[in-house]
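Order-wise, the sequence lines are chains A and B. Mind the numbering: the first sequence is residues 14 to 306 in my numbering, read in order. Mind the numbering: the second sequence is residues 620 to 976 in my numbering, read in order.
Simulated from the structure, these hints should not be mistaken for lab results. These numbers were taken from a predicted model, which means no experiment stands behind them. For every residue, glycine included, the Cβ atom is placed at its ideal position computed from N, Cα and C. Be aware that a few hints might be false.
Stated by the list, open to error - Which stretches of chain A does chain B cover? Using the computed rule of at least three CB atoms under 8 angstroms from a CB of chain B, they are: (1) 88 to 99; (2) 110 to 124; (3) 264 to 278; (4) 286 to 296.
Stated by the list, open to error - Restraint ranges, calculated between C-beta atoms of paired labels, are given here: (5) B:ILE637 with A:ASN198: 48 to 58 angstroms; (6) B:GLY660 with A:SER135: 28 to 38 angstroms; (7) A:ASP190 with B:SER781: 56 to 66 angstroms.
Stated by the list, open to error - Straight-line C-alpha distance at most 30 angstroms; calculated DSS-like pairs for lysine-lysine: (8) B:LYS625 with B:LYS659; (9) A:LYS189 with A:LYS177; (10) B:LYS950 with A:LYS293; (11) A:LYS134 with A:LYS152; (12) A:LYS189 with A:LYS175; (13) B:LYS950 with A:LYS45; (14) B:LYS950 with A:LYS93; (15) B:LYS625 with B:LYS855; (16) A:LYS129 with B:LYS886; (17) A:LYS175 with A:LYS93; (18) B:LYS855 with B:LYS659; (19) A:LYS97 with B:LYS792; (20) B:LYS950 with A:LYS189; (21) A:LYS189 with A:LYS93; (22) A:LYS152 with A:LYS45; (23) B:LYS855 with A:LYS45; (24) B:LYS630 with B:LYS886; (25) B:LYS855 with B:LYS792; (26) A:LYS177 with A:LYS97.
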Amino acid sequence: MAFLDNLINGISLGSIYAVIALGYTLVYGIAKMLNFAHGDVIMVGGYVIYTAMSSLQFNPYLSVLMAICACTILGIVIEKVAYKPLRQATSLAVLITAIGVSYFLQNMALLIFGEKPVSFKSVIDIPNIKLFDGQITIKSETTASIVISVIIVIGLSLFVNKTKSGRAMLAVSEDKDAAQLMGINVNRTISLTFAIGSGLAAIAGALLCSTYPVLSNTTGAMPGIKAFVAAVFGGIGSIPGAMIGGLLIGVIEILGRAYISPQLADAIVFAVLIVVLMVKPTGILGKKVNEKV
Amino acid sequence: MKHKIKPATRKSFLTYAIMIAAFIAVEIMVSTGSASNMFKGLLIPFCVYSIAAASLNLTVGFLGELSLGQAGFMCIGAYSSAIFSIVTKETITNAWIRFPMAILVGGFFAAVFGVLIGIPVLRLRGDYLAIVTLAFGEIIKNVFAALYVGYDSNGLHFSLTSQGDLGLAPDGKMLINGALGISGTPKDSTFEIAFVMLMLTLIIIYNFVNSRTGRAVMSIRDNRIAAESIGLNITKYKLITFGLTAFLAGIAGALFSHNLASLQASKFDYNLSILVLVFVVLGGIGNIRGSVIAAIVLTYLPEVLRGINNYRMLIYSVVLIVMMIFTSNAKIRGFFAASFGRLKGMVFKNKTAKEGE
Chain A
14 MAFLDNLING
24 ISLGSIYAVI
34 ALGYTLVYGI
44 AKMLNFAHGD
54 VIMVGGYVIY
64 TAMSSLQFNP
74 YLSVLMAICA
84 CTILGIVIEK
94 VAYKPLRQAT
104 SLAVLITAIG
114 VSYFLQNMAL
124 LIFGEKPVSF
134 KSVIDIPNIK
144 LFDGQITIKS
154 ETTASIVISV
164 IIVIGLSLFV
174 NKTKSGRAML
184 AVSEDKDAAQ
194 LMGINVNRTI
204 SLTFAIGSGL
214 AAIAGALLCS
224 TYPVLSNTTG
234 AMPGIKAFVA
244 AVFGGIGSIP
254 GAMIGGLLIG
264 VIEILGRAYI
274 SPQLADAIVF
284 AVLIVVLMVK
294 PTGILGKKVN
304 EKV
Chain B
620 MKHKIKPATR
630 KSFLTYAIMI
640 AAFIAVEIMV
650 STGSASNMFK
660 GLLIPFCVYS
670 IAAASLNLTV
680 GFLGELSLGQ
690 AGFMCIGAYS
700 SAIFSIVTKE
710 TITNAWIRFP
720 MAILVGGFFA
730 AVFGVLIGIP
740 VLRLRGDYLA
750 IVTLAFGEII
760 KNVFAALYVG
770 YDSNGLHFSL
780 TSQGDLGLAP
790 DGKMLINGAL
800 GISGTPKDST
810 FEIAFVMLML
820 TLIIIYNFVN
830 SRTGRAVMSI
840 RDNRIAAESI
850 GLNITKYKLI
860 TFGLTAFLAG
870 IAGALFSHNL
880 ASLQASKFDY
890 NLSILVLVFV
900 VLGGIGNIRG
910 SVIAAIVLTY
920 LPEVLRGINN
930 YRMLIYSVVL
940 IVMMIFTSNA
950 KIRGFFAASF
960 GRLKGMVFKN
970 KTAKEGE
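With the hints as constraints, model all of the structure from the sequences given.
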C-alpha cells in the first residue's frame with residue numbers, strides 16, 4: 014500500500030509538472046527559446062493567490078482567476094520588454110536575458126514578501142476520496158491536479174489544432190518567415206503563446222502551492238527546471254508529450270525520494286534528463302529535425 | 620623597432636601590467652597598514668572569483684556556449700583539494716609544497732569531470748547544453764551534500780546515507796560529513812599564492828585564445844558548419860575548451876576551500892554559477908580583462924555599500940537584461956554607436972576594456 018501511496022503522490026506531482034511543462038513546450042515550440050522565468054511566474058501566481066486570500070479576503074476561486082489574469086499580463090509584459098528586442102539575437106543572449114528575468118522576479122518577490130516562507134491555504138475544497146476501506150486516501154489536491162491537468166491537455170490540443178489562432182501558432186512554430194508571408198501576425202502569435210503559457214503557470218502555481226503549502230520566492234525555480242526536464246523527456250513542442258513527460262518525472266521523483274535517497278531525488282531527475290538527451294534528444298514524442306546548412 | 624608588437628600581445632601584456640601594478644599597490648597598502656581588515660579578507664575572494672569568471676569567459680565568450688555548471692566544477696575542485704590537504708597534512712608538513720599540489724589535484728579532478736561530462740553533453744548546443752550543465756552542477760552539489768567519506772587504517776570509506784554506514788575503525792577520521800561538509804582544511808590560501816594563480820590563469824587563457832587551437836575554437840563559435848567543413852574536429856576543440864574551463868574553475872575552488880575553516884556543498888549552488896555569469900556578462904563577453912575587473916568590482920561594492928546589499932541581486936538581474944538588450948539589439952546598438960561614437964573616439968582612444976566587444 015505504501016507503494017501505491019507513493020505512486021499516487023507521484024502522479025499528483027507529475028500532473029502539476031505537466032501543466033508547467035505545457036507552458037515550456039508552447040513557448041519553446043513557437044519562440045524557440047528556453048523561458049527560464051516560467052518557473053518564477055508560478056511563484057508570482059502563488060503570491061497573488063496568497064495576497065488575495067489573506068489580505069483581501071477573496072473567495073479562493075476568484076483569487077485563482079485573479080492570479081491567472083495577473084500572470085497572463087506578466088507573461089505578455091516580460092515578452093514585450095525583455096524578449097522581443099532580442100528576436101534576431103543569438104540564443105546565448107536570449108538565454109542570459111531569460112535568466113535575468115527569472116532572477117528579477119525572484120528578487121522582486123524577496124523584497125516585497127520577505128525571506129520567510131508563508132504558509133499557503135489550499136484553494137481546493139472538494140472531499141478526499143477513500144479507497145480500500147480507508148487504507149488509501151486520495152487527497153482532494155491530488156484529484157484536482159489530475160483532473161485539471163487532463164482538462165488542460167485536451168483543451169489545449171483542441172485549441173491548437175482546431176482554432177485559427179491555434180493553427181497560427183503551429184504555423185509560426187514550423188516556419189516563422191513563411192507564416193508571416195501567409196499573413197499571420199507573428200508578434201501577436203508569440204505574445205498569445207506567452208499569455209497562455211503564463212496563465213497555465215498561474216494554475217500550476219495554485220495546484221503546487223495547495224499540494225505543498227509553503228510559498229517562498231524560490232518556490233517556482235526547482236519545479237520550473239524539473240518541468241523543463243519533463244518537457245524535454247516527452248518531446249519538446251508536443252502537448253501530449255508534456256503530459257507524459259510530466260507524469261513520468263513526477264513518479265520518478267517521488268519513488269526516488271521514497272526508495273533511493275531523499276537527498277538524491279533531484280539528482281535522479283536531472284540524471285534522467287541527461288540520459289534522455291544522450292539517447293533520444295527529441296524525447297518520447299518529439300519530431301526529428303534535420304539540420305539545414 | 621623592427622617588428623611591431625601584435626595587438627593581441629599588447630592587450631595581454633597590458634592586462635598583466637595592470638594586475639602586477641594592482642598587486643604591488645595592495646601589498647604596499649597591507650604592509651603600511653592602510654588596508655582595512657575587511658579589504659584584507661576580500662583579497663582571496665577577489666582572486667577566486669576572477670579566476671572563475673575568466674575561465675567561464677572561455678566557454679561563453681570564445682566557445683559561444685552557455686555553461687551554468689561553473690559552481691559544480693568549483694565544488695569538485697574545492698572538495699578534492701581539501702581532502703588531499705587533510706589526508707596529507709601529517710606527511711607533507713610544508714604548506715608551500717602541499718598547497719600547490721592540492722591546487723593541482725583540485726584542477727585535475729575538475730578537468731577530469733569536465734571532460735567526462737563534456738563527452739556526452741557537447742553534442743548538444745545552446746539551450747540544451749545550458750540546461751544540462753545546470754543539471755550536472757545540481758547533481759554534483761546534491762551528491763556531495765549526501766556524501767559521507769571517512770578514512771582509517773583500512774583506507775577510504777564511502778557512504779551515501781549516513782555516518783554510521785561507513786563502518787570506520789576507531790582510529791578513523793571523517794573527511795566529508797554529508798550536508799555539514801568538510802572541516803579542518805588547513806588555511807593555506809594566501810593572497811600571494813592566489814595572485815600567482817590568477818596570473819597563471821590569465822597567461823594560460825591569453826595564450827590559449829591566441830593559439831591555433833584558440834582560433835579554431837572561435838571559428839566554431841562564429842560558424843560551426845563552415846568550421847566543420849574545413850576539417851576542424853568540433854568535439855575535440857569543444858572538449859579542450861570545456862576541460863580547460865573546468866580545470867581553472869577547479870583551481871578557483873581549491874583556493875576557495877583553503878580559505879575557509881569549513882565548507883558545505885550548498886555554497887556551490889546555481890546562484891554561484893549565475894553570479895559568475897554576471898561577472899562575465901558585465902565585464903564583456905569575450906573580454907578576459909573585463910571579467911577580472913567586473914569580478915573584483917562586484918565583489919567589493921556590496922561589501923562597501925552595505926545599504927545596497929538587499930537590492931544587490933535585483934540590480935544584477937537588471938544588469939543581465941539591460942546588457943543583453945543593449946549589446947544584442949541591432950537598433951539600440953546602432954543608436955548608441957551613432958551618438959557616442961565620436962565621443963568615444965576622443966575620450967577612450969585605445970580603451971576597449973569596459974566595452975565588451
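Consistency of the hints with the structure:
1. With 3 residues having a beta carbon nearer than 8 angstroms to a beta carbon of chain B, the region 88 to 99 of chain A meets the requirement of three or more and the stated coverage holds.
2. With a threshold of 8 angstroms between beta carbons, the proposed coverage of the region 110 to 124 of chain A by chain B holds, since 12 of its residues qualify and at least three are required.
3. For the region 264 to 278 of chain A, the assignment as covered by chain B holds, since 3 residues bring a beta-carbon within under 8 angstroms of that chain's beta-carbons and 3 suffice.
4. Check on the region 286 to 296 of chain A: 5 of its residues sit with their Cβ under 8 angstroms from a Cβ of chain B, so the three-residue criterion for coverage holds.
5. For the hinted restraint 48 to 58 angstroms between ILE637 of chain B and ASN198 of chain A, the CB-CB distance of approximately 51 angstroms keeps it satisfied.
6. Against the hinted window of 28 to 38 angstroms, the Cβ-Cβ separation of GLY660 of chain B and SER135 of chain A comes to about 47 angstroms, which falls outside the hint.
7. The supplied range of 56 to 66 angstroms is met by ASP190 of chain A and SER781 of chain B, whose beta-carbon atoms lie about 59 angstroms from each other.
8. Straight-line distance between C-alpha atoms of LYS625 of chain B and LYS659 of chain B comes to about 37 angstroms, which puts the hinted pair past the 30 angstroms bound.
9. Our distance criterion of 30 angstroms between C-alpha atoms is met by LYS189 of chain A and LYS177 of chain A, whose separation comes to about 16 angstroms.
10. For the suggested pair LYS950 of chain B and LYS293 of chain A, the alpha carbons sit about 39 angstroms apart, so the restraint of at most 30 angstroms is broken.
11. With a CA separation close to 15 angstroms, the supplied pair LYS134 of chain A and LYS152 of chain A stays within the 30 angstroms bound.
12. For the suggested pair LYS189 of chain A and LYS175 of chain A, the alpha carbons sit about 20 angstroms apart, so the restraint of at most 30 angstroms is met.
13. The hinted pair formed by LYS950 of chain B and LYS45 of chain A meets the criterion: a straight-line CA distance of about 22 angstroms does not exceed 30 angstroms.
14. The straight-line distance between the Cα atoms of LYS950 of chain B and LYS93 of chain A is roughly 16 angstroms, inside the 30 angstroms bound, and the hint therefore holds.
15. Note on LYS625 of chain B and LYS855 of chain B: the hinted pairing holds, with a Cα-Cα distance of about 28 angstroms set against a maximum of 30 angstroms.
16. Taking the CA atoms of LYS129 of chain A and LYS886 of chain B, the gap is near 20 angstroms; set against the 30 angstroms cutoff, the hint holds.
17. For the proposed pair LYS175 of chain A and LYS93 of chain A, the alpha carbon gap of about 27 angstroms is at most 30 angstroms, so the pair holds.
18. Annotation: proposed proximity of LYS855 of chain B to LYS659 of chain B is violated, straight-line Cα distance about 41 angstroms (limit 30 angstroms).
19. Using a Cα cut-off of 30 angstroms, the hinted pair LYS97 of chain A and LYS792 of chain B is violated, with the two alpha carbons roughly 57 angstroms apart.
20. Restraint check for LYS950 of chain B and LYS189 of chain A: the C-alpha separation of about 21 angstroms stays at or below 30 angstroms, so the hint holds.
21. Only pairs whose Cα atoms come within 30 angstroms are accepted, and LYS189 of chain A paired with LYS93 of chain A is accepted, the gap being roughly 18 angstroms.
22. Between LYS152 of chain A and LYS45 of chain A, the direct Cα distance comes to roughly 37 angstroms. Violation of the 30 angstroms bound is thereby established for this hinted pair.
23. Distance hint between LYS855 of chain B and LYS45 of chain A is fulfilled; the C-alpha atoms sit about 28 angstroms from each other, no more than 30 angstroms.
24. At most 30 angstroms may separate the alpha-carbon atoms for a hinted pair to count; LYS630 of chain B and LYS886 of chain B exceed this at roughly 35 angstroms.
25. Taken as a hint, the LYS855 of chain B and LYS792 of chain B pair is broken in the structure, with Cα atoms around 41 angstroms apart against an allowance of 30 angstroms.
26. Our distance criterion of 30 angstroms between C-alpha atoms is met by LYS177 of chain A and LYS97 of chain A, whose separation comes to about 23 angstroms.
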